[in-house]
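Protein chains in written order, with the working numbering: chain A, 1 to 99; chain B, 1 to 99; chain C, 1 to 99; chain D, 1 to 99; chain E, 1 to 99; chain F, 1 to 99; chain G, 1 to 99.
Hints listed in this document are in silico derivations from the structure and should not be mistaken for laboratory results.
We put the CB at the ideal spot given by N, CA and C, even for glycine.
Hints should not be assumed to be uniformly reliable.
No farther apart than 25 Å at their CA atoms in a straight line, the calculated lysine to aspartate or glutamate pairs in the DMTMM-like style are these [unchecked claim]:
(1) E/25 - G/62
(2) E/25 - G/45
(3) E/25 - G/91
(4) C/25 - B/10
(5) C/25 - B/43
(6) A/25 - E/41
(7) D/25 - C/84
(8) A/25 - E/10
(9) A/25 - E/45
(10) F/25 - D/85
(11) C/25 - D/21
(12) G/25 - F/21
(13) F/25 - D/21
(14) G/25 - G/45
(15) A/25 - E/43
(16) D/25 - C/64
(17) F/25 - D/41
(18) A/25 - E/21
(19) D/25 - F/21
(20) D/25 - C/21
(21) F/25 - D/43
(22) B/25 - A/59
Pair ranges (Cβ atoms, derived) [what the hints assert, rightly or not]:
(23) G/85 - A/95: 17 to 25 Å
(24) D/88 - A/95: 24 to 32 Å
(25) C/74 - B/43: 24 to 32 Å
(26) F/16 - C/86: 46 to 54 Å
(27) G/73 - A/88: 41 to 49 Å
(28) F/15 - D/71: 44 to 52 Å
(29) A/14 - E/42: 29 to 37 Å
(30) G/30 - C/56: 25 to 33 Å
As a plain string of letters, each chain reads:
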Amino acid sequence: MPPIRRLVLDVLKPHAPSTVEFARKVAAASGVDGANALLLETDREVQNIRLVVEGDSIDVDEVEDRITNLGGTVHSIDEVVAGDEMVESRDVPQDWLPP
Amino acid sequence: MPPIRRLVLDVLKPHAPSTVEFARKVAAASGVDGANALLLETDREVQNIRLVVEGDSIDVDEVEDRITNLGGTVHSIDEVVAGDEMVESRDVPQDWLPP
Amino acid sequence: MPPIRRLVLDVLKPHAPSTVEFARKVAAASGVDGANALLLETDREVQNIRLVVEGDSIDVDEVEDRITNLGGTVHSIDEVVAGDEMVESRDVPQDWLPP
Amino acid sequence: MPPIRRLVLDVLKPHAPSTVEFARKVAAASGVDGANALLLETDREVQNIRLVVEGDSIDVDEVEDRITNLGGTVHSIDEVVAGDEMVESRDVPQDWLPP
Amino acid sequence: MPPIRRLVLDVLKPHAPSTVEFARKVAAASGVDGANALLLETDREVQNIRLVVEGDSIDVDEVEDRITNLGGTVHSIDEVVAGDEMVESRDVPQDWLPP
Amino acid sequence: MPPIRRLVLDVLKPHAPSTVEFARKVAAASGVDGANALLLETDREVQNIRLVVEGDSIDVDEVEDRITNLGGTVHSIDEVVAGDEMVESRDVPQDWLPP
Amino acid sequence: MPPIRRLVLDVLKPHAPSTVEFARKVAAASGVDGANALLLETDREVQNIRLVVEGDSIDVDEVEDRITNLGGTVHSIDEVVAGDEMVESRDVPQDWLPP
Numbered sequence: 001m002p003p004i005r006r007l008v009l010d011v012l013k014p015h016a017p018s019t020v021e022f023a024r025k026v027a028a029a030s031g032v033d034g035a036n037a038l039l040l041e042t043d044r045e046v047q048n049i050r051l052v053v054e055g056d057s058i059d060v061d062e063v064e065d066r067i068t069n070l071g072g073t074v075h076s077i078d079e080v081v082a083g084d085e086m087v088e089s090r091d092v093p094q095d096w097l098p099p
Numbered sequence: 001m002p003p004i005r006r007l008v009l010d011v012l013k014p015h016a017p018s019t020v021e022f023a024r025k026v027a028a029a030s031g032v033d034g035a036n037a038l039l040l041e042t043d044r045e046v047q048n049i050r051l052v053v054e055g056d057s058i059d060v061d062e063v064e065d066r067i068t069n070l071g072g073t074v075h076s077i078d079e080v081v082a083g084d085e086m087v088e089s090r091d092v093p094q095d096w097l098p099p
Numbered sequence: 001m002p003p004i005r006r007l008v009l010d011v012l013k014p015h016a017p018s019t020v021e022f023a024r025k026v027a028a029a030s031g032v033d034g035a036n037a038l039l040l041e042t043d044r045e046v047q048n049i050r051l052v053v054e055g056d057s058i059d060v061d062e063v064e065d066r067i068t069n070l071g072g073t074v075h076s077i078d079e080v081v082a083g084d085e086m087v088e089s090r091d092v093p094q095d096w097l098p099p
Numbered sequence: 001m002p003p004i005r006r007l008v009l010d011v012l013k014p015h016a017p018s019t020v021e022f023a024r025k026v027a028a029a030s031g032v033d034g035a036n037a038l039l040l041e042t043d044r045e046v047q048n049i050r051l052v053v054e055g056d057s058i059d060v061d062e063v064e065d066r067i068t069n070l071g072g073t074v075h076s077i078d079e080v081v082a083g084d085e086m087v088e089s090r091d092v093p094q095d096w097l098p099p
Numbered sequence: 001m002p003p004i005r006r007l008v009l010d011v012l013k014p015h016a017p018s019t020v021e022f023a024r025k026v027a028a029a030s031g032v033d034g035a036n037a038l039l040l041e042t043d044r045e046v047q048n049i050r051l052v053v054e055g056d057s058i059d060v061d062e063v064e065d066r067i068t069n070l071g072g073t074v075h076s077i078d079e080v081v082a083g084d085e086m087v088e089s090r091d092v093p094q095d096w097l098p099p
Numbered sequence: 001m002p003p004i005r006r007l008v009l010d011v012l013k014p015h016a017p018s019t020v021e022f023a024r025k026v027a028a029a030s031g032v033d034g035a036n037a038l039l040l041e042t043d044r045e046v047q048n049i050r051l052v053v054e055g056d057s058i059d060v061d062e063v064e065d066r067i068t069n070l071g072g073t074v075h076s077i078d079e080v081v082a083g084d085e086m087v088e089s090r091d092v093p094q095d096w097l098p099p
Numbered sequence: 001m002p003p004i005r006r007l008v009l010d011v012l013k014p015h016a017p018s019t020v021e022f023a024r025k026v027a028a029a030s031g032v033d034g035a036n037a038l039l040l041e042t043d044r045e046v047q048n049i050r051l052v053v054e055g056d057s058i059d060v061d062e063v064e065d066r067i068t069n070l071g072g073t074v075h076s077i078d079e080v081v082a083g084d085e086m087v088e089s090r091d092v093p094q095d096w097l098p099p
C-alpha cells in the first residue's frame, strides 16, 4: 500500500500539555519528519489547533494514539496525501464563484 | 492516445472507510504517483471530498472502480490534464469581473 | 508564420463523451504537448469547459475539428499565444479599479 | 536609443480575422519574440483584446501597422518597457487604499 | 525528542525596552537563528507584537524567560513547528468559505 | 553616497510625445538599465503614468530633466531604493486591517 | 549580541530634503546594504514614508540619528529582524478571520 505523506487534522486539546509539547510528541511518531501546530481558537477549557504532519511514511495510528494520549480529540481529517509523490490540492471554479 | 496526468474528482463517500484509507487505495491504482484527498463538507451520513490524482499515465477506469468499491460516488469530474506535459488552467477576465 | 503555443477555449459539450475523452482527443492533435479541461458549469444537457491547449506549434484547425467531431462547440477564443517564446498576459490598472 | 521590450495594447478588432490570426501576425513583426492576445469583451460587431508583445527590440511602428492592416484600432497603450533589462511595474499604497 | 524549529508568539510588552532590544535578546537564546518582531498594536501603556523565532533547536524555556525578563507577557502560542524538517501550515476549505 | 537603484514616479504628461517615446527617453538616462511606463489614467489633455526606473546608479536629476523636456511633470516620488542591494518594501498590519 | 538585519520604520518628514536624499543618507549608515523609502501619504507640511532598511548588521542608532538630522521623526518601529538569519513574519488565523 502507498505511504501516507501528509495528514491535516483538526484537533481539540486541553490547555495543558502546551502546543509545544503537542507538536513535539506528534513529530516523534514513526515515519514523521515534522509537525506544524497552528492555533485556530482558544476558549476557557480547550484549544482548537490545526495539525499538519508530514513524512515519508506516516504511521497514522501512532499519530492518532499520541494525540489521544495527550488528551486531544481528532475532530476531523481535513487533508490526506498518499503515494510516492506529494500531490497538492487544486482550486476549482466552484471555489471562486459566489454561491 | 496521450496519457492522463491529472484527474480532479468531486466525490461523495460514507464516513467509513476513512479518508486515509480512501487516499491510499486510490494512490495504489496503476499509473498513479500520488493522491490528495481534501475534505470539503461533512454531514451525518456522507463526506464530500475533492480528490486530486496525479501520475504519468493514470488508469481512469481503475481509479473510478476503486472509488466505487470503497462505497464512494463520483459527483463530477472537475479537471483533467492529458498529454506529454502537465498544462495548468488559466484565469480569464470573466473570472475577475463581477457578473 | 510564428507558431501558436497556447490556446484557451470556452467550449460547450454534451455529457458524453466525457471530459477525460475530450482532453485526451484534443491532446492528440498535432503540435500539442498537453491539454487541460476545467469544468466551469454543468446542466442537464451540456457542460461548459475551459480548454487550455499548449504545444510548440499547435494545429488550431485540427484542435477545432476534434472538438466539433466530439460534439462540442467553441463558444469563444479567450487567449492565444503566438511566437517563439511564451508571453503571459498582464494586469493593468483598469483591472484593479472599481468601474 | 534603448530598445522596446514590452508593449501592452488595448485593441478593438472586428470578429474576422480571428484572434489566432491577429496574434500570429503581430508575433511576426520584427524584433518580436511572442504575442499574447487576451479576449476582454465581445459584442456583435467588435472584440476588445489586450495584446502583450515582448521581444528584444520591438518595432513599434510595424506592430501598429500590422494591427491597422488587420482592421484593428489601438485604443490605448497601457504599458511600455524600454531598456536593456525588463523592469516590472510596482504597486504603491494608493493602489491598496480605498479612495 | 524532536527539536522545535519555529515558534510564533503573541506578546504584550511595555514601550521600553524597545522592539529592537526585544528582537535582539530573543535572537540570542540558545538554538535560535533569528527572530522577527512585528508591531501589531500600540497603546499608551503597552505594545502588542508578534514574535517569530526560528532555529535548528529552539530552547523554548529560555525564549519565554527572556521575554519575561524584558517585562513581556506571552499572550498566546500561535504556531509551533517541531521535527527534522520545517512543515508549513495549510489552508483548508473552512478558511475560504463564509461562515 | 550610495547609488539610487529604483525610482517610482507619478507623472503627468501630454498625449504627445507618446508613452513609447517617454519610456525610451527615460531609459536612455545615465545609470538606467530599464524603464516601465504604466498608464494609470487618460483624459482629454493629459495622461497620468507610473514610471518605474531601475539601474545600478540612476542619475535622478537627468531622469527628471528628461521628463520635463518631454513636457511631463513629476507629481510625486512614490518609492526610492538606495544602496548596494535592492531592498523591497514590506506590508505591515496597518495595511491589512480596516481603518 | 545578534546583529539587526531589517528595520521597518514609519517616518514623518518635511518635503525637503527629498525622499531620494532621505533614502540615500539612510543607506549610507554603517552596516546597511540598502534602504527602501515608500511614500504613504503627503500633505502640505509633511510626508509620511515607510522606511525599510536591510543589512548584515544595521547600526540602529546611526539610522535614527540620520533620520533626525534630516528633519524626520520616527513615528513607530513596525518590524525588526535580529539574528544570523533573516526570519519572515507569519500570518495567523486571527489575520484572516473577520473580527
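Agreement of residue 25 of chain D and residue 21 of chain F with the hint, judged by alpha carbon distance not exceeding 25 Å: Measuring from Cα to Cα gives roughly 24 Å; hence the hint holds.
In this structure, is the beta-carbon distance linking residue 14 of chain A and residue 42 of chain E contained in 29 to 37 Å? holds, 33 Å
Residue 25 of chain A and residue 45 of chain E: Cα distance at most 25 Å? violated, 38 Å
What's the verdict on residue 25 of chain A and residue 43 of chain E, does the C-alpha distance respect the 25 Å limit or exceed it? violated, 38 Å
Take the C-alpha atoms of residue 25 of chain F and residue 21 of chain D, compute the straight-line distance between them, and say whether it is at most 25 Å. It is violated: about 33 Å lies between the C-alpha atoms, which goes past 25 Å.
Check whether the Cα positions of residue 25 of chain B and residue 59 of chain A lie no farther apart than 25 Å. holds, 16 Å
Please test the hint of 24 to 32 Å on the beta carbon pair from residue 88 of chain D and residue 95 of chain A. holds, 28 Å
Decide if the proposed pair is consistent with the structure: residue 25 of chain E and residue 62 of chain G, CA atoms, cutoff 25 Å inclusive. holds, 20 Å
Under the criterion that the straight-line Cα-Cα distance not exceed 25 Å, is the pair residue 25 of chain A, residue 10 of chain E satisfied? Between residue 25 of chain A and residue 10 of chain E the Cα gap is close to 23 Å, so the pair holds against 25 Å.
Holds or violated: residue 25 of chain F with residue 43 of chain D, Cα cutoff 25 Å? Status violated; Cα separation ~38 Å.
Hinted pair, alpha-carbon criterion (25 Å max): residue 25 of chain F, residue 41 of chain D. Please report holds or violated. violated, 34 Å
Would you mind confirming whether the straight-line C-alpha gap from residue 25 of chain D to residue 64 of chain C stays at or under 25 Å? At roughly 20 Å apart (the allowed maximum being 25 Å), residue 64 of chain C and residue 25 of chain D satisfy the hint.
Hint compliance for this structure: hints 2, 5, 6, 9, 12, 13, 15, 17, 18, 20, 21, 23, 25, 26, 28 and 30 are not met, and every other hint is.
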